[in-house]
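There are 2 protein chains.
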Amino acid sequence: MTDNTAGTAPAKDPHDLPDVSGLVVGVLGGTGDQGRGLAYRFALAGQKVVVGSRSAERARTAAEEVGHGVEGADNAECARRSDVVIVAVPWDGHADTLTALREELAGKLVVDCVNPLGFDKKGAYALVPDEGSAAEQAAALLPDSRVTAAFHHLSAVLLQDPAVERIDTDVMVLGEKRADTDTVQALAALIPGMRGIFAGRLRNAHQVESLVANLISVNRRYKAHAGLRVTDV
Amino acid sequence: MTDNTAGTAPAKDPHDLPDVSGLVVGVLGGTGDQGRGLAYRFALAGQKVVVGSRSAERARTAAEEVGHGVEGADNAECARRSDVVIVAVPWDGHADTLTALREELAGKLVVDCVNPLGFDKKGAYALVPDEGSAAEQAAALLPDSRVTAAFHHLSAVLLQDPAVERIDTDVMVLGEKRADTDTVQALAALIPGMRGIFAGRLRNAHQVESLVANLISVNRRYKAHAGLRVTDV
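Chains as they are written, first to last, in the working numbering: chain A, 1259 to 1491; chain B, 1259 to 1491.
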């Protein structure tokens, strides 16, 4: 704040985020635990939310169960009706789902929250997508969308539990354009207890996605629903 | 605690950690910022600390500057005299340093805290070691040592600043053997404000190491010395 020199604009305060209350939030994979949990929290915060699924029928059922004005639609309609589209599909359907929605997602702000993980008897481990990360795969498949990555480290259990009023955790937000990451940070901040923290470009998404394998180990050892806080911010 | 059945031992409390006050802590790369900062904090906590360097002379100078009873030695003597050896060397000297110390590190508890990163004009990015991570490279090069990974996300600036009394952050500890990760967690807990949290096996070390690239982005955006807290633990 104090080091702007004559002729240059003052540095923008990174905590100064846009008003996102008018944005419609779509959730692809909105019938899964993570998608349902995010839909619930955004709707509870007063946001208009549309959950998407391959089946409009299943999406509508999930929307009714979540309540709070959430609507359901097939994935294509969900994408069309939304300003911001959260991708919460399973990793093994990630590429196919996005490829099929390239047109509907053109011009939209896409928020990938998919964690490519494998599981064996020793627990969870990171998968390495050819593109580097799920988010970079999304960016490669959606050249006309503004792709960001966020909401990786949230417990679907806590998100969905109506007895949990605050989710005390930070959301690492990654992307290439400040306006887009600011918007996603502002969305995260709608959920009580949550902050969106800018955490780099998409090329650094892999470690954020795969850190979920470590949080799964934490959960097992401590019988917790672990999340992360960024300190000194 | 409540679900142990007849004939099985009760689950061990993950917060119940061993007394490590008698262990000598060695720091390879103890003349660098990270190594010096860790040496300072452990010595301040009353631990016997030996910093190592390729040059015994430089190690002794660094030890004197750190004070609090820290001693300096060449890397081989540092390894021999220590029970727990923290590897805080630059990534590009990692393999050579460990290969040369295989004998001296045999039987020792090794704690790798190296972050393999590249830097360009867009900032920091993850390098991917052939072995998967620096920690797995250490484990491959040191078959007779007990290799763990920890202390990746600490700010060398905060560690070294005597005006900073508490380092309010968690240390993710990875390893294969519970006794070893418990010991490293107990070491982390010696530093006021710090906790050691078990966060999985070495195969999940890459994302913990490379998350430093994200913290560098956080530091740049927020003018912070970011660290991490694990929530709900």
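Incorrect hints may appear among the rest.
Copies of the same chain look alike in the list, so a pair counts if it fits in one copy or across any two.
[Stated by the list, open to error] Here are the simulated DSSO-like cross-link-like pairs (lysine-lysine), alpha carbons at most 27 Å apart as the crow flies:
id, residue 1, residue 2
1, Lys1481, Lys1379
2, Lys1366, Lys1481
3, Lys1380, Lys1306
4, Lys1366, Lys1270
5, Lys1306, Lys1379
6, Lys1306, Lys1481
7, Lys1306, Lys1435
8, Lys1435, Lys1380
9, Lys1435, Lys1481
10, Lys1366, Lys1380
11, Lys1270, Lys1481
12, Lys1435, Lys1379
13, Lys1366, Lys1435
14, Lys1380, Lys1270
15, Lys1379, Lys1270
Don't read these hints as lab results, they were simulated from the structure.
Of all the hints numbered above, which does this structure not satisfy? Sort the numbers upward. Structure breaks hints 2, 3, 5, 6.
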